[in-house]
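Trainee: One letter stands for each residue in the lines below.
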Amino acid sequence: MTGAVGLGTSALVQDDDILLAVRDLKKHFPVKEGALQQVVGQVKAVDGVSFDLRRGETVGLVGESGCGKTTLGRCVSGLTDPTFGGVYFSLPTDKRRQLDELLALPAGLRTESDQANLARLEESHRVDVMKGDAWRRYRRNCQVVFQESFASLNPRQLIKDIVGRPLRVHKEASGSDLTEKVVELLEQVGLGRQHLYRYPHQFSGGQRQRISIARALALDPELVVLDEPTSALDVSVQAQILNLLHELQTERGLTYLFITHDLSVVRHMADRIVVMYVGKVAEKGPTDVIFNRPEHPYTDALLASSPEFDRSTVSMQALEGSIPDPARPPQGCRFHTRCPVATPACGWEVDDVVLWLEDVEGTFEDLHSVSRNDAFDAWLTFDDQGGAQRLAAALRTDAIPAAMQAALEEVTVDEARVRIRFAEVDEVQLTARGPNHQAACVLDRSGSRPQN
Amino acid sequence: MSLAGADSATQPTERVAVASVEDLRVHFRSKAGTVHAVDGVSFDIADGETLGLVGETGCGKSVTARSFLRLVPMPPGIQAGGSIMFRPHRSCSACRGEGCEVCRHSGRVPEACQACSGTGCEKCEQTGQHTVDLLTLSEKQLQDIRGNRIAMIFQDPGKALNPALPIRDQVAEVFYQHRTHDLLADAGLDDAGPLLIRRATLKTRRFEDAILALPPLRARRNKLMAAVDTRIADALAETQIPNPRKVMDRYPHELSGGMRQRVMIAQALACDPDLLIADEPTTALDVTVQARILELVRELQQRHKTSVLYISHDLSLVREVCDRIAVMYAGRIVEVAATESIFDDPRHPYTQGLLAAIPAATHERGALVAIAGNVPELIDPPPACRFAGRCDYEASACRENDPTLAQVAPAHDVACFIHHPAPGEERNPSFDRPLR
Amino acid sequence: MVDVPTKVAHIPVRESAFRVKARRAGLLALSLLKNPTTVAGLTLIVLLLGVAVFAPLLAEPNTPDAYQMPRDWGAIAAPPGTPDHPLGTTNVGGDVLYGIIWGARTSLRLSVIVVSITVVVGVTVGSIAGFRGGRIDEVLMRIVDVFLSIPELIFALAIAAVLGPSFRNIILALAVVFWVKYARIMRAQIVHVKENEYVDAARVVGDSGWRIYFKDILPNSITPVVVQATLDMGNIVLVGATLSFIGLSEAGIAEWGVLVSEGQAGISAGRWWASTFPGLMVFLWALAFNLFGDGLRDVLDPKTETSR
Numbered sequence: 001m002t003g004a005v006g007l008g009t010s011a012l013v014q015d016d017d018i019l020l021a022v023r024d025l026k027k028h029f030p031v032k033e034g035a036l037q038q039v040v041g042q043v044k045a046v047d048g049v050s051f052d053l054r055r056g057e058t059v060g061l062v063g064e065s066g067c068g069k070t071t072l073g074r075c076v077s078g079l080t081d082p083t084f085g086g087v088y089f090s091l092p093t094d095k096r097r098q099l100d101e102l103l104a105l106p107a108g109l110r111t112e113s114d115q116a117n118l119a120r121l122e123e124s125h126r127v128d129v130m131k132g133d134a135w136r137r138y139r140r141n142c143q144v145v146f147q148e149s150f151a152s153l154n155p156r157q158l159i160k161d162i163v164g165r166p167l168r169v170h171k172e173a174s175g176s177d178l179t180e181k182v183v184e185l186l187e188q189v190g191l192g193r194q195h196l197y198r199y200p201h202q203f204s205g206g207q208r209q210r211i212s213i214a215r216a217l218a219l220d221p222e223l224v225v226l227d228e229p230t231s232a233l234d235v236s237v238q239a240q241i242l243n244l245l246h247e248l249q250t251e252r253g254l255t256y257l258f259i260t261h262d263l264s265v266v267r268h269m270a271d272r273i274v275v276m277y278v279g280k281v282a283e284k285g286p287t288d289v290i291f292n293r294p295e296h297p298y299t300d301a302l303l304a305s306s307p308e309f310d311r312s313t314v315s316m317q318a319l320e321g322s323i324p325d326p327a328r329p330p331q332g333c334r335f336h337t338r339c340p341v342a343t344p345a346c347g348w349e350v351d352d353v354v355l356w357l358e359d360v361e362g363t364f365e366d367l368h369s370v371s372r373n374d375a376f377d378a379w380l381t382f383d384d385q386g387g388a389q390r391l392a393a394a395l396r397t398d399a400i401p402a403a404m405q406a407a408l409e410e411v412t413v414d415e416a417r418v419r420i421r422f423a424e425v426d427e428v429q430l431t432a433r434g435p436n437h438q439a440a441c442v443l444d445r446s447g448s449r450p451q452n
Numbered sequence: 001m002s003l004a005g006a007d008s009a010t011q012p013t014e015r016v017a018v019a020s021v022e023d024l025r026v027h028f029r030s031k032a033g034t035v036h037a038v039d040g041v042s043f044d045i046a047d048g049e050t051l052g053l054v055g056e057t058g059c060g061k062s063v064t065a066r067s068f069l070r071l072v073p074m075p076p077g078i079q080a081g082g083s084i085m086f087r088p089h090r091s092c093s094a095c096r097g098e099g100c101e102v103c104r105h106s107g108r109v110p111e112a113c114q115a116c117s118g119t120g121c122e123k124c125e126q127t128g129q130h131t132v133d134l135l136t137l138s139e140k141q142l143q144d145i146r147g148n149r150i151a152m153i154f155q156d157p158g159k160a161l162n163p164a165l166p167i168r169d170q171v172a173e174v175f176y177q178h179r180t181h182d183l184l185a186d187a188g189l190d191d192a193g194p195l196l197i198r199r200a201t202l203k204t205r206r207f208e209d210a211i212l213a214l215p216p217l218r219a220r221r222n223k224l225m226a227a228v229d230t231r232i233a234d235a236l237a238e239t240q241i242p243n244p245r246k247v248m249d250r251y252p253h254e255l256s257g258g259m260r261q262r263v264m265i266a267q268a269l270a271c272d273p274d275l276l277i278a279d280e281p282t283t284a285l286d287v288t289v290q291a292r293i294l295e296l297v298r299e300l301q302q303r304h305k306t307s308v309l310y311i312s313h314d315l316s317l318v319r320e321v322c323d324r325i326a327v328m329y330a331g332r333i334v335e336v337a338a339t340e341s342i343f344d345d346p347r348h349p350y351t352q353g354l355l356a357a358i359p360a361a362t363h364e365r366g367a368l369v370a371i372a373g374n375v376p377e378l379i380d381p382p383p384a385c386r387f388a389g390r391c392d393y394e395a396s397a398c399r400e401n402d403p404t405l406a407q408v409a410p411a412h413d414v415a416c417f418i419h420h421p422a423p424g425e426e427r428n429p430s431f432d433r434p435l436r
Numbered sequence: 001m002v003d004v005p006t007k008v009a010h011i012p013v014r015e016s017a018f019r020v021k022a023r024r025a026g027l028l029a030l031s032l033l034k035n036p037t038t039v040a041g042l043t044l045i046v047l048l049l050g051v052a053v054f055a056p057l058l059a060e061p062n063t064p065d066a067y068q069m070p071r072d073w074g075a076i077a078a079p080p081g082t083p084d085h086p087l088g089t090t091n092v093g094g095d096v097l098y099g100i101i102w103g104a105r106t107s108l109r110l111s112v113i114v115v116s117i118t119v120v121v122g123v124t125v126g127s128i129a130g131f132r133g134g135r136i137d138e139v140l141m142r143i144v145d146v147f148l149s150i151p152e153l154i155f156a157l158a159i160a161a162v163l164g165p166s167f168r169n170i171i172l173a174l175a176v177v178f179w180v181k182y183a184r185i186m187r188a189q190i191v192h193v194k195e196n197e198y199v200d201a202a203r204v205v206g207d208s209g210w211r212i213y214f215k216d217i218l219p220n221s222i223t224p225v226v227v228q229a230t231l232d233m234g235n236i237v238l239v240g241a242t243l244s245f246i247g248l249s250e251a252g253i254a255e256w257g258v259l260v261s262e263g264q265a266g267i268s269a270g271r272w273w274a275s276t277f278p279g280l281m282v283f284l285w286a287l288a289f290n291l292f293g294d295g296l297r298d299v300l301d302p303k304t305e306t307s308r
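Protein chains in written order, with the numbering used here: chain A, 1 to 452; chain B, 1 to 436; chain C, 1 to 308.
If you're looking for bench data, these hints aren't it; they were derived computationally from the structure.
Each hint should be verified, as a subset may be incorrect.
[Unchecked claim] Quick list of in silico lysine to aspartate or glutamate cross-link-like pairs, EDC-like style, CA-CA up to 20 angstroms:
id, chain 1, residue 1, chain 2, residue 2
1, B, 246, A, 128
2, B, 246, A, 383
3, B, 246, A, 358
4, B, 31, C, 298
5, C, 215, A, 161
6, B, 305, B, 323
7, B, 246, A, 366
8, C, 194, A, 81
9, A, 32, C, 138
10, B, 246, A, 320
11, A, 32, B, 254
12, C, 21, A, 161
13, A, 26, A, 128
14, A, 32, C, 137
15, B, 246, A, 359
16, C, 194, A, 148
All chains, full assembly: derive it from the sequences and hints.
Mentor: Here it is in structure tokens:
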């Protein structure tokens, strides 16, 4: 039923015609401390994300605040340089195959000619490396519509100058020619000649967002990154803008990367959806599959939490707890700390015990220090023996989640110290769950679910 | 529904609204003219119900909510008329607030009118209950109601909490302000010296603290502090904050958004208020956290039988928590009805438009039903329907007369000429088109 | 808290950017004139500038150097009302009126030169620090901190004293002291303004750093500098007069501080006029620019601007 929606565009999309490819993209921000601004850690805002944008389709990038979707959007639009990996624009199919083959090789195994090939590919297609004509071409073809229409329009410029600026920068038009082109653009977004000589503050929120869209379309780009374009708008105005965006897409064959936290909007607009959680992709797939047969418990939770879609596949409650610190994300599955269906194989670690202790009255105050061998193995030192014994006892009872208990491989009490060792688990990788559908979860529910 | 019981001198046969807003008008002076932000809003909040006040940006819902506690800055605001009648309750003496038949398990009973001791008079509008007009009350009397009988939670708990104070001090304030004697009783200090009381009631306590820290008084102060801590921990625990005694010592910035909102709720419900005003309490939160907070509000509302005024721009959200919904547009209420009626049988074209604009599974892409145009300026508006100009069913009557709320179905009021033509007007034939 | 829809002015279709911008400037001027204290300040400024500009017409220039006080050795310490000396003379025969009129010209010269130098230097340094950020920012701002840690007057005094008494050195000393303020203001503004999404939007369009600076960042961050420059037009004359008074200027030039200093010796003997009139002029000059600067600040405040 939901599957029928959105076929209008996806029918035109060629499976292999990829406009933009994101490969293992990482963006880490250093955490600085003290007077000397020493780097004490890295906030892993985006931590290894890959996906493709096909020409003419809309990909929805969904997640909660802090999941890295905005940083990812900035990397795609060339506003931020990634720490690792890259965004590749307009790669022909054969070159993309070559790139994927080269990237699949570990850096040490690449021959000299491989290196040269990779460098040549990256020079003309990788967004943060390209220069000159390649960069200008990319700049013309990738535009952004920002969330805050008020902040994204220079308050001291007239609408004509704002919308005409891309044309002027790329020397597309000038003089009265420019004015006519701007009028044409304004008319396409439902404004007109009478708005040319006004300042942004003279418009309502919806109109300002139309102006932003007109500016983004001025250079006739192929890709538009929409960063929460309707989050600041009222629902009735949001409907106008969404209709406009769709209309423009069908007219001009635009490709959209639609970043939003609003599931009802993304279901309406996107052909495919990428769900992010703490810098990683939790699940990606076609819109109707994500909404009707989600594989990742986090997607489930998102759907269950939105008042519009109270129809989750597993009966579950709203999520407990909060998003993990992106400077120290869990090693295994990043969602296991809040997951209602977590298993022993999800990567339980020492931090989970510490966090659990924090929420229990009494014992945490006695915790003196934690010395880690690694994320899964550590000695917890308490102020006295009582604390250590209380913890060891609690770890053997139902006080902690059953999955955590099952993952515990060793609990040793040595006077005021407790050694805790969990089973070591690798990072959970995205695995195929269906055509174009991947999820990063140790559980495979597709088998157990009745087919519909 | 009857309120039985010998506890109260009054025995009204009907549940009296805990608050009645009557023709509220709040205007703002601006360079361009007077902005009629709230322009003749009337509604009742029944005892124990959750009323949703829904509308888009600038419709006046927040100003209406803030008027309850007179939090609208004046100037630029102008109180241009109307009243907000509030009927405070007190703890039920039959069950000491535990909940019994008398107080319908809410632990609270209405206070009797002081003028007529419950027989019904002018002053209490024949309800027999103590009634005050929040708009004309003295600042001192209002202080007793704020945070005590009426509490408020805000959209951004990061801004509503003082960043320089630990959670303990912020929640303690409420108890010191409104529960001084309970606190002293908790601490077993019946013969509390004047200093202790001063400490508990004054905002700045540096001087008192210094004296109370002296050895002969220190023990008593510590008892008081312990009593406060217990109350705070209980209040925090009720909002399902884990390990409240540890959270108490944290500063707001050390807590997550959801946690901060829980602290706000704990603070608001600490004195068991009669009315809780929630102004977009989950708008700044992520969906998964929002779901948790909504559940919590619903749960606490049912346990305490608190009346709630829930302000939101999100209809689908309000549906989850509210018994009744009032839809606001451009400073007016255009429709009031039970939640199901609003969703199943919306009568006002604006309500219909709002519901249709939410992207649903059934909408084809690019075919959302948008309301054309923009919200009108509210600067010295003409006497016409505020929705005229954006309405599909507009007729000449709509541009010349101002529709008022009138009943169109049981407990369903709408301000639209489609349902009740203006006096002396024929029903416009275009109205006979079926509403979508 | 309250989202009041802004009044959208009705603008006819035939319109040009120039007209709109002129109208905006006109509206700005109009709202400036609504405040009576601003108008008072502006009136005073016009009068004082008039005196400075028309000095050669108001008082016959001394030869060979008009900025040197003429000496009338026949009328030493004459009281106000003396023929040819309506405001009296100093105890070395300097005409007080001449000193006041040509002193206005000196003050104008002083303030315009110092403000121009300091604004250009300060804005440049502040812009580099704010726009580039990183290490350059750190270094520049530490330098600014060092300058700011020394009180203005004492710093200027020390520099002028080291350089030796001359009017040119006073200008130099004031320039060295006053630029840091602008650097600080400009940097703070730019750090804030460059966070705006319209700067990102300009980068996405492919505009160069220079044009982004001049189109998006500078116009949106210059307002506080303009206000500060207006206030400093007054302050600089005040500080300059103080330095002259102490004797860091050449003796005998037509400058208010010098005049006050010349007349100071006679005050105990009842010859009040030689110090009072130039002192009053310093006061009026500082007052005028402060009144106007305050009014300007109110009008240029972006919060009030958007609602207009």
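Trainee: Confirm or reject each hint.
Mentor: The hints, checked one at a time:
no., hint, result
1, B:246 <-> A:128, "violated, 46 angstroms"
2, B:246 <-> A:383, "holds, 17 angstroms"
3, B:246 <-> A:358, "holds, 8 angstroms"
4, B:31 <-> C:298, "holds, 15 angstroms"
5, C:215 <-> A:161, "holds, 10 angstroms"
6, B:305 <-> B:323, "holds, 13 angstroms"
7, B:246 <-> A:366, "holds, 12 angstroms"
8, C:194 <-> A:81, "holds, 18 angstroms"
9, A:32 <-> C:138, "holds, 15 angstroms"
10, B:246 <-> A:320, "holds, 18 angstroms"
11, A:32 <-> B:254, "holds, 18 angstroms"
12, C:21 <-> A:161, "holds, 12 angstroms"
13, A:26 <-> A:128, "holds, 13 angstroms"
14, A:32 <-> C:137, "holds, 17 angstroms"
15, B:246 <-> A:359, "holds, 8 angstroms"
16, C:194 <-> A:148, "holds, 15 angstroms"
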